[in-house]
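Enquirer: Next come the chains, spelled out residue by residue.
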Amino acid sequence: MSEEVVQCHGVTRVYADDAVPVHALRGVDFAVHKGDWVSLAGPSGSGKSTLLHIIGGLDRPNDGSVSVDGEDLGGLSEAQLSDLRLRKIGFVFQAYNLIPVLTAVENVEFIMQLQGIGASERRERALGILDRLGLDDIGDRRPGELSGGQQQRVAVARAVVTDPVLLLADEPSANLDTATTKELLELLRNINENHGVTIVTATHDPMVMGYAKRPVNLRDGAIESDGSTADASPDA
Amino acid sequence: MSELTLPSVASTPVRRAVGRALITMAWRNLWRVPRRTWLTAGGVGFAILLVVFSRSIQIGALDTMLEVGTAQLTGHAQVQHPDYLDDPRMRSTVAGLAALTGTLAGHPDVQAVAPRGMGFGLVSDGSGERSFGGQITGIDPAVEFATLASQALPGGRPLERAGEGFMGSKLARNIGVAPGDDIIVLGTGKEGSVAAMAVTLVGLFESGIPDLDRGFLMVHFDDFADAFGLEDEAHAIAVLTGDLRDARAFAADLATAILPLDGNVAVRPWQELMPELEQTVVGEIGGSALFALFLVVIVTFVVVSTFVMTVFERTAEFGMLKAIGMAPGAIFRMVQLEGLWMSLTGVALGLVSSLVFVYVSAIEGIPFSAFGDFDDMMARFFVPDVMIPVFDSAGALAMTAMMVVAVQAAAAIPARRIWRLNPVEALRAEE
Ligand SMILES: Nc1ncnc2c1ncn2[C@@H]1O[C@H](COP(=O)(O)OP(=O)(O)O)[C@@H](O)[C@H]1O
Ligand SMILES: [Mg+2]
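Same order as they appear, the protein sequences are chains A and B.
Position 48, counted from 1, in the first sequence is what the working numbering calls 49; the numbers after and before it change by one each time, with no gaps.
Position 89, counted from 1, in the second sequence is what the working numbering calls 90; the numbers after and before it change by one each time, with no gaps.
If you are wondering where the hints come from, they were derived from the structure by calculation, not from laboratory data.
Keep in mind the model is a prediction, meaning the values are calculated, not measured.
Mixed in with the good hints there might be a few duds.
[What the hints assert, rightly or not] Residues on chain A that point at chain B, a partial pick, calculated with CB under 7 Å:
hint, residue
1, 16
2, 54
3, 60
4, 86
5, 87
6, 92
7, 94
8, 102
9, 114
[Unchecked claim] Far from chain B by the CB rule (all over 12 Å, computed), these chain A residues:
hint, residue
10, 97
11, 135
12, 150
13, 186
14, 191
15, 193
16, 210
No residue lacks a Cβ here, since even glycine has one placed at the ideal position from N, Cα and C.
Isolated chain A (complex conformation) (with noise of 0.2 Å):
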């Protein structure tokens, strides 16, 4: 249970594009466990997505290392953090999550096919997954007639087909009603306790920090308080 799925060490993030520079992130020491689901947490520009980006392989600090997997992410190539990302890290965005031309079950099967998984076994785990996520009735329609909740829901199925190590989601709720954000709650947690994939959200919606094991919040790309520490102290 101890086992670190992710380290960061003085993780920092300067956007020097503009003429003041923007401190995203500010030497953020971090660690997530296998099996924890932990919540990124803060007002909007903390740096969020930004660490979620650095630990996805899909952004590259300043200064500092970050581990995924035991793997330093920062001696990897372009084309070596692209094949991370397919075969450690499961994805799920707040919109555009999904191929349009694809149906749901294609889209799950998609990410198989470009790890070269077989046809027949391709087919089998996504409807398995679709089935075990009650996906099962909306797998032959495509993304443009699934509602919000529902696309998400099929991006997660997408991430999680794969059993990666770690599963990244930036706001995947910003745009969703309470009752959907729900679902896809519930759907997260189960995914989370039953089958075990450790998991780091990036959101400031208190309804996803409450299903989260481990909120971590940040401000002004710092880290202000982390969930961990507060387990530790029972009156926090």
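Given the coordinates of chain A, work out where chain B with the ligands should sit on it, guided by the hints.
Expert: Chain B with the ligands in isolation, oriented as in the chain A frame:
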């Protein structure tokens, strides 16, 4: 310390599986904006239709022109003395005429054989008062195929036997003779002696070609041989074959076939006998090739703009695909496949429509009067009223190839940015 020894995602079976997925995805992507796809593929198809149909008409017309132009006099090839083409002298004859014509007639690709004697002479009326220079051609009416020799103006008839003459209408008018009149021909024989003959004019022709109408007299080959001193020899043996487009190969083939008989001959395909006719064909075909290239360029610009829109609109989607670990090269290939589907759709439209156009218009033929362009050239020959288009399969193939390549290039131009695309920014931009 690095344990990232994942099986490479670029391994062959993976690529193949992804390739299959991409083909389907590309096809569906193509129809996301059907109107745009129809317009673009329609542009590709229309360019093919324009080029193939216009060239089919052109080829039909040129074929007719060549058919008519070669049948009129020269034939598809001629056996001549090697010097005769550049320097047509009376003494430059092919010898062993009987044996040569026999061998030629026996060749499987030869359809007709016509010996000719050719020389210059002074043509006069019976009294010798009015004389004009002209080309005297001896023909054998029994085997002659030249259409010039077979179409007489009303009031006369073509040459049938020895002792007769058949001449251009202008020449007759200049000399002041008409069918039924006697005419006298004076020239220089093969050995330098005076050649003289008297024949009866039996008919006139009018080809529309001034040089022929003004200075061409046909007489019987035997009369010509007698007068000019030819013995089992001729200046040319004109032959016809099945397809005049094969004339060069045919001529080369004939040359080897008759080589054992007499080494001192040359077989001239019509292209050498009438270089200006071939020049016309080459010029016309070249012009239409330029037109085709021009259309390809125009359509390429349209396709580029279509794909600029497509790639731009799908920035977030491409960002997401990169984010989940799809290699930029694979996304690029998908866009290339969309281009391929696009061009194949256009090619199908273009080929089907041009086939329909060509075959429908070939049923009745197209009146030559519809093409002002050809009038000038056509007026020089006896041309049928309608022309039958011939499907331009070479052009269709070339257009297909050019369009496929052009569309791939056009799709690649905007798709290059997939490599530079930052997935985070691409996804953020759409929020
Ligand atoms: N591409 C960028 N260029 C410049 N500044 C950026 C860029 N991305 C993020 N930022 C800035 O970095 C800070 C952190 O952003 P972000 O990680 O998106 O915060 P959050 O997700 O918590 O709202 C913000 O001030 C934001 O404006
Ligand atoms: Mg954010």
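Enquirer: Each of the hints needs a verdict: does it hold here or not?
Expert: Hints, one by one, checked against the model:
Violation of the interface hint for residue 16 (chain A) is found here, the shortest Cβ-Cβ separation to chain B being roughly 11 Å, above the 7 Å cut-off. Hint status for residue 54 (chain A) relative to chain B: holds, with the closest Cβ pair at about 5 Å, below 7 Å. Because the closest C-beta pair between residue 60 (chain A) and chain B is about 6 Å apart, less than 7 Å, the hint holds. Proximity of residue 86 (chain A) to chain B holds as hinted, the smallest CB-CB distance being about 4 Å (cut-off 7 Å).
With a cut of 7 Å, the hint placing residue 87 (chain A) at the interface with chain B holds, because the nearest CB-to-CB distance is about 3 Å. Among the interface hints, the one on residue 92 (chain A) holds; its C-beta lies about 6 Å from the nearest C-beta in chain B, closer than the 7 Å criterion. Because the beta carbon of residue 94 (chain A) sits about 6 Å from the nearest beta carbon in chain B, less than 7 Å, this interface hint is met. Look at residue 102 (chain A): its Cβ gets to within about 4 Å of chain B, closer than 7 Å, so that hint holds up.
Interface restraint check for residue 114 (chain A): the shortest CB-CB distance to chain B comes to about 5 Å, inside 7 Å, so the restraint holds. Some Cβ of chain B comes within 12 Å of the Cβ of residue 97 (chain A); the nearest lies about 4 Å off, and the non-interface call is violated. Non-interface status of residue 135 (chain A) relative to chain B is upheld: no Cβ of that chain comes within 12 Å, the nearest being about 23 Å off. Distance to chain B confirms residue 150 (chain A) as a non-interface residue, since its nearest Cβ pair spans about 18 Å, more than 12 Å.
The Cβ of residue 186 (chain A) sits about 21 Å from the closest Cβ of chain B, beyond the 12 Å cut-off, so the non-interface label holds. Distance check on residue 191 (chain A): its Cβ is at least 22 Å (rounded) from any Cβ of chain B, clearing the 12 Å threshold; non-interface status holds. The beta carbon of residue 193 (chain A) sits about 20 Å from the closest Cβ of chain B, which is more than 12 Å, so the claim that it is off the interface holds. Even its closest Cβ contact with chain B, about 20 Å, leaves residue 210 (chain A) beyond 12 Å, as expected for a residue assigned away from the interface.
In terms of the numbered hints stated before, the structure departs from hints 1 and 10, listed from lowest to highest.
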